[in-house]
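*Asks:* Based on the sequences and whatever the hints tell you, model everything.
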Amino acid sequence: MLREELVKPVLLFLLLFSTWQVLYVAESLLRLDHAVAYLMVLGSATCFFILDHQKMSDLGLRRSPGWQEEAATGFILAAALVLLKDAAALAMSTDPPAILEGILDLSRIAALALTAGAVEEISFRGYILRKLAASNATAGAILLSSTLFAFYNLPIPRIIETIALAPTLTFSSWLTFALQSFILGMAQSIFYTKTNGRTVGPWTLNSASVFLSLLVSFRLPPAQANLIGAAATAVVLIPLLRIKRESIR
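Quick note: to get the working numbering, add 32 to the position in the sequence shown (first position is 1).
Keep in mind the hints are simulated off the structure, nothing from the lab.
All figures in this text were calculated on a predicted structure; none of them were measured in a lab.
Where is the CB? At the ideal position from N, CA and C, for every residue including glycine.
Possibly wrong hints are sitting among the right ones.
Claimed, not checked - Simulated pairs of lysine to aspartate or glutamate, EDC-like, Cα-Cα distance not exceeding 20 Å:
id	residue 1	residue 2
1	K87	E37
2	K40	E101
3	K163	E37
4	K40	D84
5	K276	E101
Said to hold, decoys possible - Label pairs and their in silico Cβ distance ranges:
id	residue 1	residue 2	range
6	L201	S60	16 to 22 Å
7	V248	L38	36 to 42 Å
8	F183	S60	37 to 43 Å
9	I195	V248	15 to 21 Å
10	F49	W99	26 to 32 Å
*Replies:* Next up, the structure:
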């Protein structure tokens with residue numbers, strides 16, 4: 033039987049996961065923009081928080097001394113992560129990078145990055161990790177929440193659709209995607225715990241890395257690109273692990 037303290041975090045995960053599966057189908061059928069889809073997921077999570085009587089401060093959304101330094105640290109780590117990924121991709125890609133141009137495109141990816149960061153950090157760090165850590169060892173809570181994070185936006189309908197056509201490629205692509213997401217979840221979770229349960233640093237790291245990654249992209253096989261991302265994120269884990277609790281204030 034599921035332990036009582038796990039019920040609500042698991043319910044939120046199932047809500048986010050199932051919402052994404054519906055939206056993946058809607059994106060294909062209705063050409064729904066990914067940023068709009070993230071807004072809809074954020075709306076679902078917000079309804080959950082309201083029903084659970086969660087305050088913004090409970091979810092790590094509080095302005096306290098040093099929040100600017102946390103945000104700056106998140107941005108620097110995101111820039112380092114993207115530079116590592118791009119350097120490796122540049123060395124391995126034979127095609128020129130695709131560079132985003134135009135104000136409309138920049139506005140769209142900025143909206144996508146902000147909403148993606150909001151959904152993932154408030155839900156997975158501000159709620160799921162916090163709830164798990166309240167009744168479990170911090171290391172165990174980080175591992176479990178990162179595992180849930182790795183699977184929450186896997187597009188099951190798309191995986192099923194392509195698995196019959198190229199099973200080996202499909203499995204390798206999404207397994208490496210899950211690995212990259214798991215390591216990123218670990219990094220965000222460690223950042224969250226090192227800043228006394230505030231989400232501004234992890235949110236900045238998340239959103240800035242999404243935004244910067246979309247500015248310049250390289251044409252690589254999915255599995256290869258995901259492995260590069262996983263390795264780069266693992267490197268970024270090193271300075272995060274060395275941060276002493278609240279030391280960036």
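*Asks:* Decide, hint by hint, whether the structure agrees.
*Replies:* Verification of the supplied hints:
1. K87 <-> E37: Since the Cα atoms of K87 and E37 sit roughly 19 Å apart, the hinted pair holds (cutoff 20 Å).
2. K40 <-> E101: Outside the cut-off at roughly 32 Å; violated.
3. K163 <-> E37: Holds, because 7 Å separates the two Cα atoms, which is no more than 20 Å.
4. K40 <-> D84: Within the cut-off at roughly 9 Å; holds.
5. K276 <-> E101: At roughly 14 Å apart (the allowed maximum being 20 Å), E101 and K276 satisfy the hint.
6. L201 <-> S60: 16 to 22 Å: Cβ of L201 to Cβ of S60: about 19 Å, so the range 16 to 22 Å holds.
7. V248 <-> L38: 36 to 42 Å: holds (40 Å)
8. F183 <-> S60: 37 to 43 Å: Violated, at about 20 Å.
9. I195 <-> V248: 15 to 21 Å: For I195 and V248 the Cβ distance comes to about 31 Å; the hint is violated.
10. F49 <-> W99: 26 to 32 Å: holds (30 Å)
Violated hints, listed in ascending order, are 2, 8 and 9; each of the other numbered hints is respected by the structure.
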